[in-house]
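We have chain F; now place chain C onto it with these hints.
Number of protein chains: 2
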Amino acid sequence: MKLTILFGGASFEHEISIVSAITLKEKLSGFDLNFIFCDNDHTFYLIDPSKMKATTFSKGAHKKMPVLTLENGSFVQKSMFGSTKYNDVVLNLIHGGDGEDGTIAALLDFFSIKYIGPRVDASTFSYDKRYTKWLCEAKSIRSVDYQMLTSDDVKDITIKYPLIVKPATLGSSIGVSIVKEESELDYALDSAFEYDKNVIIEPFLEGVKEYNLAGYMADDKIHFSIVEEPQKEEFLDFEKKYMDFSRSEQVLKADISDELVRRLKSTFEKAYRGMFEGALIRCDFFVVNNEVYLNEINPIPGSMANYLFEDFKSSIEALSSSLPHSKRVKVTYEYIHSISSAKGK
Amino acid sequence: MKLTILFGGASFEHEISIVSAITLKEKLSGFDLNFIFCDNDHTFYLIDPSKMKATTFSKGAHKKMPVLTLENGSFVQKSMFGSTKYNDVVLNLIHGGDGEDGTIAALLDFFSIKYIGPRVDASTFSYDKRYTKWLCEAKSIRSVDYQMLTSDDVKDITIKYPLIVKPATLGSSIGVSIVKEESELDYALDSAFEYDKNVIIEPFLEGVKEYNLAGYMADDKIHFSIVEEPQKEEFLDFEKKYMDFSRSEQVLKADISDELVRRLKSTFEKAYRGMFEGALIRCDFFVVNNEVYLNEINPIPGSMANYLFEDFKSSIEALSSSLPHSKRVKVTYEYIHSISSAKGK
Chain F
1 MKLTILFGGA SFEHEISIVS AITLKEKLSG FDLNFIFCDN DHTFYLIDPS KMKATTFSKG
61 AHKKMPVLTL ENGSFVQKSM FGSTKYNDVV LNLIHGGDGE DGTIAALLDF FSIKYIGPRV
121 DASTFSYDKR YTKWLCEAKS IRSVDYQMLT SDDVKDITIK YPLIVKPATL GSSIGVSIVK
181 EESELDYALD SAFEYDKNVI IEPFLEGVKE YNLAGYMADD KIHFSIVEEP QKEEFLDFEK
241 KYMDFSRSEQ VLKADISDEL VRRLKSTFEK AYRGMFEGAL IRCDFFVVNN EVYLNEINPI
301 PGSMANYLFE DFKSSIEALS SSLPHSKRVK VTYEYIHSIS SAKGK
Chain C
1001 MKLTILFGGA SFEHEISIVS AITLKEKLSG FDLNFIFCDN DHTFYLIDPS KMKATTFSKG
1061 AHKKMPVLTL ENGSFVQKSM FGSTKYNDVV LNLIHGGDGE DGTIAALLDF FSIKYIGPRV
1121 DASTFSYDKR YTKWLCEAKS IRSVDYQMLT SDDVKDITIK YPLIVKPATL GSSIGVSIVK
1181 EESELDYALD SAFEYDKNVI IEPFLEGVKE YNLAGYMADD KIHFSIVEEP QKEEFLDFEK
1241 KYMDFSRSEQ VLKADISDEL VRRLKSTFEK AYRGMFEGAL IRCDFFVVNN EVYLNEINPI
1301 PGSMANYLFE DFKSSIEALS SSLPHSKRVK VTYEYIHSIS SAKGK
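These protein sequence lines are chains F and C, in that order.
Numbered according to our numbering, the first sequence spans residues 1 to 345.
Numbered according to our numbering, the second sequence spans residues 1001 to 1345.
For reference, chain F alone in the conformation it holds in the complex (with noise of 0.2 Å):
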């Protein structure tokens, strides 16, 4: 089938994504694909598959591909002998600012272009982790108890320690520290404040279990990935999970009751359904005194969680036949009309 990866974007997980696009490349080969890279001052160039490695990017190599630009239902390549339409569905790879915050999804909606990916609403309430707990709080999803605080707010903690301190909009554990006492907190603070003026505060649970799902709708039915109980440390920092964002070994089930996989699942649908219709996301649970948390909802995960899905290829295939259909609405001039007959004009 034809994909055309959207990669890159003006995000501190810029080179992430260019990880994930690269991991992609390999993990859908047979596909027919084509690559757009979304520079840093947003201008989109067409790579060419051959240069797909991390120093074409690093080193400015891409300046001299194609520029592309976005028209009604495609990427264009504009030359002096006419113009080439890129018009295949879009896989949205641009992790975190400009993929996950709804702006890419709000761009491809503007000009008609099918994508995977979160839809803008979707977005909103995956990327910044306060508004995720207001989703699990209105659908009556358990997570995990928090406290917001803003960079003028005083630093008046009722959460006990240990403490998580992370940037309300961030991935890929950026900015994130665990704060094991009061005097290790301002620094924990500044950190996260250094890349969010919002910044959210959790208990650090111990000894807890942790379990990741992805999935995905298509034909009106979630189709999941195996559960998978992910590495154990205390929290992978940026460096590894920048390593982690090029996996494509397919992983071993998490050795757990088909009971708590049902219930794995359900809480995944529950916060899926109505919100994330055309996107793959990966839910990463926790598991405490038996009851499950939602901790995080990532809509576009690393590599697509690639590794956790049995047939990779077959599952982009169907959600990529049922994405929703766009909203355009048919624009009419009735009550202008009405009006101008009634004063005669």
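Calculated directly from the structure, the hints in this document are not laboratory data.
You can trust all of the hints, since none of them are fake.
Sample of chain C residues at the chain F side, in silico, Cβ under 10 Å:
1) G1008
2) I1018
3) D1041
4) T1043
5) A1054
6) T1055
7) K1059
8) T1069
9) N1072
10) A1105
11) F1110
12) T1332
13) Y1333
14) E1334
15) I1339
Even for Gly, the Cβ is constructed at its ideal location relative to N, Cα and C.
Here is chain C on its own, set in the frame of chain F:
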């Protein structure tokens, strides 16, 4: 001052946006205004100010005017002799779909064009009435009890009659019905589902007092309009609302206590801060048993609620010089560089 008014959009409120723009042309006389029209097919046209009348659009005469495209920092008119840039602050005056759902906000963000209007997350929380309820819950703002329905749901309504049925995402009373008894319910639901797959049902509160209050943030302070007690009818149907959108006469202050004004303002501020910066919004309140309820947030009110401000021109000037900073991140390639050099490349 210079200002570009962006109006139209592929929306059920397309005609209302045209009326709003024509009204603002009059209210902002003395400003150096450009008018950019977004057609149903998402083409942008530069409209000659002397042609700013409703029939220009209903008769399609705008299609003969210059087409504009988007570039980093501006709308651009290209011709054989070069290009003209329009890079003034944009007032997003597209009501409903496109304008209030975050699409135009994201588009202007992406192209680094400064604008008056809600950002993407603020759009999500005001465009869809379900998410306004979530916002109210999260910020401890009172709102009317409600029930959500999708077109697949069994119609098991637990709210008592009379009730009000609204499509989740439209403004201007489109698709809204008051239902006095069960026999009228099916027709009301059909009307609402014609516009949206999600519908919200609320009790219809009789004898309630209604108050509207507009405001915006400038220099880190909220600047409020007067409080209006809107014209009392059961509710305004689309045609009456349409005429309502061309209001330009300043209205009288509601005859209420200073204490109630203070409580309306404090509820407004709770909803606004940390979300609606950059926008001039109008909040519509109910007062029941001396309690303030937030009914609706209009993040792009009809003709910008000009009739509620004592000095509307100065308000627009103050807001446009206090717009949120662009969030463009500076990309680095430090991880790719460090990995490449570790590999000896």
